[in-house]
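Now for the letters of each chain:
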Amino acid sequence: MLAEIRLPPASPRVLLPAAALAAMLVLIFAMEPRAMSYFGLTLLLNFALPAVFAATAQMAVIAAGDIDLGLGPFISLVNCLAATWLTTRPAAGIVALALLVAAYAAIGALIHLRRLPSIVVTLGASFVWLGLALLVLPTPGGSAPAWLTTLLAVHPPGVPLPVLVSILVGLIGWLLLMRTSYGTVLRGIGGNPRAVARAGWSLLGGRVALYAAAGILGVLAGLALTGLNTAGDATVGTQYTLVSIAAVIVGGGEFVGGIVSPAGAVIGAWIMLLTGSLLSFLDISTDWQLSVQGGILILVLGLRALEQWRAA
Amino acid sequence: MRERIATALESRPWIWSFAAALLVWIAIAASVAGHGAMATIAVALQFATFFAIVGIGQMLVIAAGPGNIDLSIPGVMTIAGYLAMGLMAGANSGLVPGLLVGLGVGFAAGVFNIVLIDALRIPPMIGTLASGFVFQSMAIAYSRHSHAKPAPLLVDFVSARLLGIPLIALVFMALTVLAAFLLRRSLFGRSVLAIGQNREAARLAGLAVRPTLALVYLASGILAALAGILLSAYSGGAALNMGEDYLLMSIAVVVLGGTSIAGGQASPAGLWGAAILLDLVVTMLNVLGVGAGLRFVVTGIIIIGVLALARGPEARY
Chain A
2 MLAEIRLPPA
12 SPRVLLPAAA
22 LAAMLVLIFA
32 MEPRAMSYFG
42 LTLLLNFALP
52 AVFAATAQMA
62 VIAAGDIDLG
72 LGPFISLVNC
82 LAATWLTTRP
92 AAGIVALALL
102 VAAYAAIGAL
112 IHLRRLPSIV
122 VTLGASFVWL
132 GLALLVLPTP
142 GGSAPAWLTT
152 LLAVHPPGVP
162 LPVLVSILVG
172 LIGWLLLMRT
182 SYGTVLRGIG
192 GNPRAVARAG
202 WSLLGGRVAL
212 YAAAGILGVL
222 AGLALTGLNT
232 AGDATVGTQY
242 TLVSIAAVIV
252 GGGEFVGGIV
262 SPAGAVIGAW
272 IMLLTGSLLS
282 FLDISTDWQL
292 SVQGGILILV
302 LGLRALEQWR
312 AA
Chain B
210 MRERIATALE
220 SRPWIWSFAA
230 ALLVWIAIAA
240 SVAGHGAMAT
250 IAVALQFATF
260 FAIVGIGQML
270 VIAAGPGNID
280 LSIPGVMTIA
290 GYLAMGLMAG
300 ANSGLVPGLL
310 VGLGVGFAAG
320 VFNIVLIDAL
330 RIPPMIGTLA
340 SGFVFQSMAI
350 AYSRHSHAKP
360 APLLVDFVSA
370 RLLGIPLIAL
380 VFMALTVLAA
390 FLLRRSLFGR
400 SVLAIGQNRE
410 AARLAGLAVR
420 PTLALVYLAS
430 GILAALAGIL
440 LSAYSGGAAL
450 NMGEDYLLMS
460 IAVVVLGGTS
470 IAGGQASPAG
480 LWGAAILLDL
490 VVTMLNVLGV
500 GAGLRFVVTG
510 IIIIGVLALA
520 RGPEARY
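Those protein sequences? They're chains A and B, same order as listed.
Every position in the first sequence, counted from 1, becomes a number in our numbering once 1 is added.
Every position in the second sequence, counted from 1, becomes a number in our numbering once 209 is added.
Derived by calculation from the structure, the hints in this document are not laboratory data.
Treat the hints with care, as some may be off.
Unchecked claim - Here are the computed distance ranges between Cβ atoms for each label pair:
1) Arg90(A) - Ser240(B): 29 to 39 angstroms
2) Gly514(B) - Ile285(A): 38 to 48 angstroms
3) Pro34(A) - Ala517(B): 51 to 61 angstroms
4) Leu231(B) - Arg311(A): 54 to 64 angstroms
5) Leu449(B) - Val257(A): 52 to 62 angstroms
6) Gly299(B) - Ile285(A): 26 to 36 angstroms
Positions of the beta carbon are idealized from the N, C-alpha and C atoms, including for glycine.
Assemble the whole structure, with the sequences as input and the hints as a guide.
Structure below.
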């Protein structure tokens, strides 16, 4: 039974977005040759860190066959906590962040036990995150812990930090999800839950594990964002809900069947991030960024449908 | 006797939302010692109307079965509100063109969603989420050169009272009754529910599945546009964040109102109970002097809590 839920080779799924990303980079380098240096890349891809963590968080939820519409506000909440408690009362801040991860695991358990639609539960949770963020930090402000800003300003030799971290996240995600037997089980939860249950694995445990992973990655996204922005804002993360979903899909993931790819999600996050830079290089108002990001999502899904239609 | 009450409640899932709304209202009335308790209801009805309008559309979509949901509602509301206000420009002469263009935007948005879902086979959740962002960014771009105001006639309409009750509440309650009647008696309504229960069986029974689904998304788009226009008129102009709350609220009033999230069953009356309940909760927290943060937290917890406690595990999407 388990053999059936094994995925087809992931390479073509990841190759296409990788080629698209390469094309975008070539276009950007052609328009702005200065971007082709160590510091140019660091500047261009600085915000890849929160985007990559957000995309992999969303990927964990999508692997369970669910979707997380509360991820953006969750990242805002982490940002607010990191810019206040983590600076002034580090112990309380760490406990609060751990509780947030536990809350994510609890949401996974609730969705599984009561068979609730993840979309409504995570949308409801988004109100809770937003409300808590406003309680912690009613108006934008606060300041990031010094260690966090220092950490994000590190210049590793040879490879810019955002590139290095992106590769590491993709690699670790690939190892955990695609190369371990429990990773196969986890993907099976969204792919063929009955087979997973028959094989003796706990569906509840698996969903909780995936949601907890999403919580941890969401916290990392919020911390990275705080280190970059050096301040807190209860609405700063809103965009990451769409960006993360689009990144997973553009990177070759599917909404059903537990078909996801960590490397693809990382590449998808870069593509979503670079649309912003590309728009500004093309002198198009950033007002349209949402449109372009939504449009890319529609385009990729439309092309995929066309392909299936032709194959059928 | 007890069994009869149980069946009566089972077939009328909307009763719960009204009962809860009544309880919250009594709590408010008690805490203000009765002063302005009636006025509270009138104000609650005013805002509940906007929730109920988008709720009717969302209810039709959700009733059409697992996977169907319209997440583009906030985007449609915002762009329709902006375009309508832009054409009205604070003058009655712009009322008709403003309404027509605003509702036209809702129609176009519905068509766009249908193309994504039906022709491109994109899951509704993602198709409408993406299209919603496209509409929202159009509104952002348009808002740069528009600070228009609603037509005075429309403002009079949305703020008019009949015997102390907001006129638009009465108008849209009538529309809710019409929707309830259509769901029970018309071919369209019966088709929506049949498709929601079992799409394949509905298709085999010869029902027009794809046209019915198209109509459902079209209705949701037009109703969202209407809500956007009326809300802009009531607030004296459109705002970029005016649709923000409506993504969750449109789903919340449907689910709290007793419509099954799994589809195949709808509870139009419950929309009002839930809309009034959610509005009164906000009023109560305001009376208690609670800030915006806690209000959001409580709203979110109520929605997740009611969903978790709702009877019987149902199919997930």
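Now for the hints, and whether the structure bears them out:
1. Arg90(A) - Ser240(B): 29 to 39 angstroms: Since the Cβ atoms of arginine 90(A) and serine 240(B) sit about 35 angstroms apart, the hinted range of 29 to 39 angstroms holds.
2. Gly514(B) - Ile285(A): 38 to 48 angstroms: Given about 44 angstroms between the Cβ atoms, the range holds.
3. Pro34(A) - Ala517(B): 51 to 61 angstroms: holds, 56 angstroms
4. Leu231(B) - Arg311(A): 54 to 64 angstroms: Given a distance of about 58 angstroms, which is inside 54 to 64 angstroms, the answer is holds.
5. Leu449(B) - Val257(A): 52 to 62 angstroms: The hinted range 52 to 62 angstroms is violated for leucine 449(B) and valine 257(A), with Cβ atoms some 34 angstroms apart.
6. Gly299(B) - Ile285(A): 26 to 36 angstroms: holds, 31 angstroms
Of the hints listed earlier, the one the structure fails to meet is number 5.
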